[in-house]
Amino acid sequence: MEDKLEAIVDEARRLGASYSEARVQRNIVVSMSSRNGALINVEEKVDEGLAVRVLADGALGFSSTDRMDAEAISRCIDFALSRAKASSRYMRRPIGFSRAKLGSIKYEVKEKKFFDSYDISDKLSLHKSIYSMLRDALKRVELEVFSVEYMEMIEEKLIMNSDGGFVGSRIPRISFRYNIVLHDPVKGSIQRVNEYGFSGGFDKLKEQRIDECIIDESRRLEKVLLEGVKPPSGVVDVVVGGEVAGLIVHESCGHPCEADRILGREAAQAGLSFIKPSMKGVKIGSRYATVVDDPTIPGSFGFYLYDDECVAARRKYLYREGIVEEFLHNRWTANIFGEESNGSARALNYRSEPIVRMSNTYLTPGDYSFEELIEDIREGVYISSYMEWNIDDERWNQRYVGLEAYRIIGGELRDPIRSPVLEITTGDFYSKIDAKGCEIKFEAGLCGKGEPMQGIPVWFGSPDVRLRGVKLGVSTL
Amino acid sequence: MSILEVSKSIIEEALKIGFDEAACKTVSIRRVMAKFSGEPTITQSWIDICTYLYLARDGRITLCEYRTSDIDVVRRRLTDLCRSAKLIEASPIYAPLPKPYGIKPLRLVDEKIVDLVEGRRDLIDYAWRMVDEASSEEAENYAGVLSASLSSKALATSRGVELHEDSTEFECYLRAFSGDGAGQWAYGGRRLDEHSVMEVGRKAGMYAYLSKNAELIEPGVYDVVLSPMIVGNLVNIVGDMASALQVYLGLSFFSRFKPGDRIASEAVSIYDDGVSDSLPRSTGFDDEGVPTRITAIISEGVFENLLHNSKTAFKFNTESTGNAGWVKPEPWNLRFKPGDLKEDELPSTLGEGLILTNNWYTRLQSYVEGSFSTVARDATFIVKGGKVEKAVKGLRVTGRLHELLSSVEYSTDRCYQIKWWEVETPVLAPYILVRGVRISRPT
Numbered sequence: 001m002e003d004k005l006e007a008i009v010d011e012a013r014r015l016g017a018s019y020s021e022a023r024v025q026r027n028i029v030v031s032m033s034s035r036n037g038a039l040i041n042v043e044e045k046v047d048e049g050l051a052v053r054v055l056a057d058g059a060l061g062f063s064s065t066d067r068m069d070a071e072a073i074s075r076c077i078d079f080a081l082s083r084a085k086a087s088s089r090y091m092r093r094p095i096g097f098s099r100a101k102l103g104s105i106k107y108e109v110k111e112k113k114f115f116d117s118y119d120i121s122d123k124l125s126l127h128k129s130i131y132s133m134l135r136d137a138l139k140r141v142e143l144e145v146f147s148v149e150y151m152e153m154i155e156e157k158l159i160m161n162s163d164g165g166f167v168g169s170r171i172p173r174i175s176f177r178y179n180i181v182l183h184d185p186v187k188g189s190i191q192r193v194n195e196y197g198f199s200g201g202f203d204k205l206k207e208q209r210i211d212e213c214i215i216d217e218s219r220r221l222e223k224v225l226l227e228g229v230k231p232p233s234g235v236v237d238v239v240v241g242g243e244v245a246g247l248i249v250h251e252s253c254g255h256p257c258e259a260d261r262i263l264g265r266e267a268a269q270a271g272l273s274f275i276k277p278s279m280k281g282v283k284i285g286s287r288y289a290t291v292v293d294d295p296t297i298p299g300s301f302g303f304y305l306y307d308d309e310c311v312a313a314r315r316k317y318l319y320r321e322g323i324v325e326e327f328l329h330n331r332w333t334a335n336i337f338g339e340e341s342n343g344s345a346r347a348l349n350y351r352s353e354p355i356v357r358m359s360n361t362y363l364t365p366g367d368y369s370f371e372e373l374i375e376d377i378r379e380g381v382y383i384s385s386y387m388e389w390n391i392d393d394e395r396w397n398q399r400y401v402g403l404e405a406y407r408i409i410g411g412e413l414r415d416p417i418r419s420p421v422l423e424i425t426t427g428d429f430y431s432k433i434d435a436k437g438c439e440i441k442f443e444a445g446l447c448g449k450g451e452p453m454q455g456i457p458v459w460f461g462s463p464d465v466r467l468r469g470v471k472l473g474v475s476t477l
Numbered sequence: 001m002s003i004l005e006v007s008k009s010i011i012e013e014a015l016k017i018g019f020d021e022a023a024c025k026t027v028s029i030r031r032v033m034a035k036f037s038g039e040p041t042i043t044q045s046w047i048d049i050c051t052y053l054y055l056a057r058d059g060r061i062t063l064c065e066y067r068t069s070d071i072d073v074v075r076r077r078l079t080d081l082c083r084s085a086k087l088i089e090a091s092p093i094y095a096p097l098p099k100p101y102g103i104k105p106l107r108l109v110d111e112k113i114v115d116l117v118e119g120r121r122d123l124i125d126y127a128w129r130m131v132d133e134a135s136s137e138e139a140e141n142y143a144g145v146l147s148a149s150l151s152s153k154a155l156a157t158s159r160g161v162e163l164h165e166d167s168t169e170f171e172c173y174l175r176a177f178s179g180d181g182a183g184q185w186a187y188g189g190r191r192l193d194e195h196s197v198m199e200v201g202r203k204a205g206m207y208a209y210l211s212k213n214a215e216l217i218e219p220g221v222y223d224v225v226l227s228p229m230i231v232g233n234l235v236n237i238v239g240d241m242a243s244a245l246q247v248y249l250g251l252s253f254f255s256r257f258k259p260g261d262r263i264a265s266e267a268v269s270i271y272d273d274g275v276s277d278s279l280p281r282s283t284g285f286d287d288e289g290v291p292t293r294i295t296a297i298i299s300e301g302v303f304e305n306l307l308h309n310s311k312t313a314f315k316f317n318t319e320s321t322g323n324a325g326w327v328k329p330e331p332w333n334l335r336f337k338p339g340d341l342k343e344d345e346l347p348s349t350l351g352e353g354l355i356l357t358n359n360w361y362t363r364l365q366s367y368v369e370g371s372f373s374t375v376a377r378d379a380t381f382i383v384k385g386g387k388v389e390k391a392v393k394g395l396r397v398t399g400r401l402h403e404l405l406s407s408v409e410y411s412t413d414r415c416y417q418i419k420w421w422e423v424e425t426p427v428l429a430p431y432i433l434v435r436g437v438r439i440s441r442p443t
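From first to last, the protein sequence lines are chains A and B. Per the numbering used here, residue 1 is the first one in the first sequence, and the count goes up by one each step. Per the numbering used here, residue 1 is the first one in the second sequence, and the count goes up by one each step.
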């Protein structure tokens, strides 16, 4: 296969590409859907093919095919080249790629046991046992539904480009996404949709004791449903739980630091950024606002060591101590900014162009225990989890509606509250942080971007953070 | 071998190996896309054949999707799949595949789109014609996408269904900028309707120019006009939740209602439409070989039907609506029934309120309760005394889906074929006027 890739890269160059790249990618996904512990169906997907990307006459062309015969490959190269050339007459300035540390390497994540070495009934038993434990645990409300989508994924890539890059990789991933609806005839319902995701094998789910996590949380949500009161309105101190703060960091630091978004490439889809090209070094928050994107965290859902342009991945400080420090780059954006790519180009499958993406984005931890975070709060709120959330397309105006949340009075956690609304600007969020917990919590998700849409596995994480003087809203729903 | 013969041969093999039932849909697709932002950012093209399989044995359901150059890989997988099917349990929604119907596939090919797919005409040139239209409305910058595809679909089932259909599809959207103003519009169809493509440019450009110098306003309760772009997005949520599987899984506000319940105002009728041949996902038959049709989800405010395949229909004790998905019924195209109001009557009929032209990020606090918020994007205007006063910004619509639908008072007489990033299922939608909508923003 390596010879074939080399021939494709060379042929594209011979036909006029100033840069060429060939990627063979196979994604295998096996999933199981269940409702109340009963299996609805099993699904297997195999997605395998060739992607060719070229620079020709200063324009970028991409073509993919699932056929690997000579005719299909030739047509693939021709389409990428001819369509790039056709669009070059509308270019204002030719596209170029930056310098970068290109790898020549193969690497893989090794799961303890292969997915197929487990019996399918072992996997289904997790659905069944959690449902059974939920029924036992929830004594005061009706468990209306517990549905699960379990997925195991293997991503294999072989990438070669005309600048000497060559990377082969194999990364298995696992995710467990569930939906729980609890119902009470008087109080109504409360719903939780959540996902666990890791790189690695089936053992990850057991290691992380997701069954215990789901049961414990459901007991707490039962209490929120039955005993939750209206949250305080007006200006209060808010402790934003690691789950919520992690999403805030992903949305209001990670996305606006994507250099392609800053340059407007995604303007018609995922939108723009409040960060402009000249804003490196600008203050965005308090000294506690340090946000990192790091693809190299072992076991993480967003794990990789080399990006899909063969550039070595590394840790990046997007915000450091409240200052905008680094953007996420691929080789095109890095070239415009006069920098080296920091290895942030990712492609979902062989039908996808590599674009600038996050990996595992998190707010760095501080040194407070949870008790210390709340001990001097006279009147406040702790928001542990959320369901509804959104943010404007420049990543400035955002909203998160609490699911599991509590009042804080006199430095103590008190009654559960229903649906507090944190509707805040990015500037206010990062400026109002005055303390951070010492334990970080990571959440898994599929982050959407690109056209066609690419849902890429990521982690987002944060410790609990304390915000001073936040105007809290109340959902009237 | 034709793709129908491929499908039939895989069915034969699956039955020989030991499955009781099988269906195989093979789709061959060629697609091109031009993406631009001020200048072309990339042109993309795809050539694929994808094989989709439904396999059942003693009520146990396995689905497969293979994009691979080697069809023998699919055949070899069947043996393993049959072995693992013995280890799983019967599905609670299992029902047998339906018998064949007499179906005439639709004529869904536009040669102008074929020319784009095959490179006889360049998609990027259409992009710049659309951009020129935006510029004629004083737009200063722009970003967007055009895409064209040519597909062949073949379906065979173990009940004897053998069907084939060719189709083309065109989609475009443009976001235009003028100073700090922005406007966006979209079009999707089975045909390349040049008038609609150019209108995308004009409307995006016009909204961008008119929305310059937007100001903040106080949150509160407003009467609002929602554009077809927003109606499209919200109706996508309604359409997905109308899938009977979503109700079964606890992911739908329809789970709180039963057919016959009033869940919207009389001005609201929402249909799924698989058969209108101008709409982008029209098709003569679903994945079970059941003929598609027009299904009323909400008719004059009354909840009429969920969308079903034969499995969910069995579970819900009703009939298939021709929306398979072998496990999940899916809407084809959604239509919001137009009313009598003219578009130029919207500000005067609104009196005092807001006009929102685009949105994104609709997210739910509870699927079963339908509680949601969505962020206004691009041109937004405040109307006073029946006239557009100025552009405003930074707003968010919050509410419950059925409450919002219950507050719809008018819809305009013209519908637009909308399909873009935030409207994945195509929607034919008018402008609608909704009373008493909660509007929020950070304060």
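In short, the hints are calculated from the structure, not lab data. Any given hint could be a false lead.
In silico SDA-like links for lysine to any residue, alpha-carbon gap of 25 Å or less [stated by the list, open to error]: (1) A:K230 / B:K342; (2) A:K280 / A:I154; (3) A:K45 / B:D132; (4) A:K45 / B:T443; (5) B:K342 / B:Y209; (6) B:K99 / B:G160; (7) A:K112 / A:E142; (8) A:K471 / B:T443; (9) A:K45 / B:S84; (10) A:K113 / B:K342.
A few chain A positions that, by computed beta-carbon distances, are all more than 10 Å from chain B [stated by the list, open to error]: (11) D3; (12) S33; (13) E43; (14) C76; (15) Y90; (16) I120; (17) V141; (18) M153; (19) I154; (20) Q208; (21) D211; (22) G281; (23) V282; (24) Y288; (25) D428; (26) E439.
Using N, Cα and C, we set each Cβ at its ideal position, and we do this for glycine too.
message: Going through the numbered hints above, which ones does this structure break? Give me the numbers in ascending order.
response: The structure conflicts with hints 1, 2, 3, 4, 7, 10, 12, 13, 14, 15, 16, 25, although it agrees with all the remaining ones.
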